[in-house]
Amino acid sequence: MLDALYCLNCQVFMKYIIRLQAEITVKSRSVRARHGKLLTANLRNQLKAIDADITVRWLWDRIETQLPAQLSAQQHQAVVERLSSTPGVLHFERVQQHELTDFATLLEWVLQFKAQQLENQTFAVVVKRKGHHSFSSQDMARYIGGGILERVPGTRVQLKGAAQEVVIMVADDTVFLVEKRFAGLGGFPLPSQETVLSLMSGGFDSTVSSYQMIKRGARTHYCFFNLGGDAHEAGVREISYYIWQKFSPTHPVKFISIDFAPLVDKILAHVDNSLMGVVLKRTMLRAACLATRYVNAQALVTGEAMGQVSSQTLSNLAVIDEVTNRLVLRPLIAMDKQDIVDIARHIGTEPLAAAMPEYCGVISNKPTVKAKLGAVQAAETVITDELIEAQVYNAQVIDIRQLHDASMAKVDLTQGANDNAPQVILDIRRSEEQEQAPLQQQPYPVESLPFFKLEKHFKGLPSDTHYLLYCDQGVMSRMQALHLREQGFSNVSVYTQASA
Numbered sequence: 272m273l274d275a276l277y278c279l280n281c282q283v284f285m286k287y288i289i290r291l292q293a294e295i296t297v298k299s300r301s302v303r304a305r306h307g308k309l310l311t312a313n314l315r316n317q318l319k320a321i322d323a324d325i326t327v328r329w330l331w332d333r334i335e336t337q338l339p340a341q342l343s344a345q346q347h348q349a350v351v352e353r354l355s356s357t358p359g360v361l362h363f364e365r366v367q368q369h370e371l372t373d374f375a376t377l378l379e380w381v382l383q384f385k386a387q388q389l390e391n392q393t394f395a396v397v398v399k400r401k402g403h404h405s406f407s408s409q410d411m412a413r414y415i416g417g418g419i420l421e422r423v424p425g426t427r428v429q430l431k432g433a434a435q436e437v438v439i440m441v442a443d444d445t446v447f448l449v450e451k452r453f454a455g456l457g458g459f460p461l462p463s464q465e466t467v468l469s470l471m472s473g474g475f476d477s478t479v480s481s482y483q484m485i486k487r488g489a490r491t492h493y494c495f496f497n498l499g500g501d502a503h504e505a506g507v508r509e510i511s512y513y514i515w516q517k518f519s520p521t522h523p524v525k526f527i528s529i530d531f532a533p534l535v536d537k538i539l540a541h542v543d544n545s546l547m548g549v550v551l552k553r554t555m556l557r558a559a560c561l562a563t564r565y566v567n568a569q570a571l572v573t574g575e576a577m578g579q580v581s582s583q584t585l586s587n588l589a590v591i592d593e594v595t596n597r598l599v600l601r602p603l604i605a606m607d608k609q610d611i612v613d614i615a616r617h618i619g620t621e622p623l624a625a626a627m628p629e630y631c632g633v634i635s636n637k638p639t640v641k642a643k644l645g646a647v648q649a650a651e652t653v654i655t656d657e658l659i660e661a662q663v664y665n666a667q668v669i670d671i672r673q674l675h676d677a678s679m680a681k682v683d684l685t686q687g688a689n690d691n692a693p694q695v696i697l698d699i700r701r702s703e704e705q706e707q708a709p710l711q712q713q714p715y716p717v718e719s720l721p722f723f724k725l726e727k728h729f730k731g732l733p734s735d736t737h738y739l740l741y742c743d744q745g746v747m748s749r750m751q752a753l754h755l756r757e758q759g760f761s762n763v764s765v766y767t768q769a770s771a
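Just so you know, the working numbering puts 725 at position 454 of the sequence shown, and the rest follows in order with no gaps.
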């Protein structure tokens, strides 16, 4: 919940000042103008969906967003979430606005909003100015600071490391008082860079690499090679939709699903164990290059990190890349696995990625760390261009905006397939999430079984009971329900509190 969202004396409109990513501000005037206009348009499109009366203006060095008085607390929170998830925003500040008048009037205005939180605190006043004025920033800071020191009990000036910082910005004839600063995503606005196609497995690496490309301003389409059936594809669809919806909803993209089972069968039957991983990756690049025609992508994106697994040594990566003249980008190439997991946790994809099965690694036994190009080329002769072209030609190419509904349709969201069986809600969230927001007053008994234990322990549950899987967003529960259905369990569906 936003702190101090409403007060009786607040002005009618609330305003946010948005600062562009620092790399944008040092570019040439024409490039900076293009980035500023793109970011303004992206923010306007997203915020207008929250409320049509929200205004967004680009003022060269900043973007100002003004919110009408009728917005609910939930809408205010949605605005903050959109601003913090849009590429190109360095940071943004919630501010109060006042016309530039005499210092005494401005002091009363500052005290109206800041006096209570400054009591018994150390503080510093920071004034930033733009425009021509008869006073200096130090003049205003000294006056406001002296007034606070005199009028607010228990205050003490501390210029460095103060508990509270009073930030005042003067822009020509307007004064802004910063109430709170929020971190932005950074990066460049979409689509300031060219289009890419990301190879998605749904694990930590591919999801974080896709996020990194979106953050950098590239429209990112998704290509999935189906090795694990409907449950795997459903999971990758969900995580792809989540990344798109959270970080790039202003620009629709495609989700391309290619049935790779026939190609994997060829590899398993004809390729030496030590070369399987490299041959599989080369086959994926060959297919992905053909798939770029569906989305006009200029580069491919993978989640490989140097040395993370045997197929990702520099020698093997060079052999893998030799198969294509298309640019292959690897945003994670020098990152540690824990850093990748930390980013996944930060952007909200960790639970989904953690539950995603890894199929690429299981087809290779004792892989070589230094594959020879000649041996690889000889081994992959069974993977003909015609075979790859046939699979790509029959690929499913889906608008990402329809992806979520299509995934949901695969699992019944009603209470259960057998309404005569006892119903039990199975809370599959992590233990700490269950403790923070426990399920209470539900129509059925609630049992706990975290998602990472579900596959191992579900077969031991009573088969005459129908289990309704629950998680906060419904994404993990759908994915797990699909996986269990695929394994032959019919006594499982998805539970939402709205369906209770």
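Be a bit skeptical, because a hint or two may be false.
As the list claims (entries may be wrong) - With a Cα cut of at most 27 Å, we get these calculated DSSO-like pairs of lysine-lysine: (1) LYS431 with LYS298; (2) LYS385 with LYS431; (3) LYS308 with LYS431; (4) LYS537 with LYS643; (5) LYS517 with LYS319; (6) LYS537 with LYS451; (7) LYS451 with LYS286; (8) LYS385 with LYS537; (9) LYS385 with LYS451; (10) LYS608 with LYS641; (11) LYS399 with LYS308; (12) LYS286 with LYS385; (13) LYS308 with LYS286; (14) LYS298 with LYS308; (15) LYS399 with LYS298; (16) LYS517 with LYS401; (17) LYS431 with LYS319; (18) LYS431 with LYS401; (19) LYS537 with LYS517; (20) LYS286 with LYS319; (21) LYS637 with LYS608; (22) LYS431 with LYS399.
Just so you know, the hints here were simulated from the structure itself, not pulled from any lab data. Model, not experiment: these values are computed from the prediction.
Going through the hints against the structure:
1. LYS431 with LYS298: With a Cα-Cα distance of about 32 Å, the restraint between LYS431 and LYS298 is violated, given a limit of 27 Å.
2. LYS385 with LYS431: holds, 19 Å
3. LYS308 with LYS431: Measuring from Cα to Cα gives roughly 37 Å; hence the hint is violated.
4. LYS537 with LYS643: holds, 20 Å
5. LYS517 with LYS319: At roughly 16 Å apart (the allowed maximum being 27 Å), LYS319 and LYS517 satisfy the hint.
6. LYS537 with LYS451: violated, 59 Å
7. LYS451 with LYS286: It holds: about 11 Å lies between the C-alpha atoms, which stays within 27 Å.
8. LYS385 with LYS537: violated, 70 Å
9. LYS385 with LYS451: holds, 11 Å
10. LYS608 with LYS641: Distance of about 22 Å is within 27 Å: holds.
11. LYS399 with LYS308: holds, 25 Å
12. LYS286 with LYS385: holds, 17 Å
13. LYS308 with LYS286: It holds: about 19 Å lies between the C-alpha atoms, which stays within 27 Å.
14. LYS298 with LYS308: At roughly 14 Å apart (the allowed maximum being 27 Å), LYS308 and LYS298 satisfy the hint.
15. LYS399 with LYS298: holds, 23 Å
16. LYS517 with LYS401: violated, 34 Å
17. LYS431 with LYS319: violated, 40 Å
18. LYS431 with LYS401: Status holds; Cα separation ~24 Å.
19. LYS537 with LYS517: Outside the cut-off at roughly 38 Å; violated.
20. LYS286 with LYS319: Holds: LYS286 and LYS319 sit about 15 Å apart, inside 27 Å.
21. LYS637 with LYS608: Given that 27 Å is the threshold and the Cα spacing comes to 21 Å, the pair holds.
22. LYS431 with LYS399: Satisfied, since the Cα-Cα distance of roughly 17 Å is no more than 27 Å.
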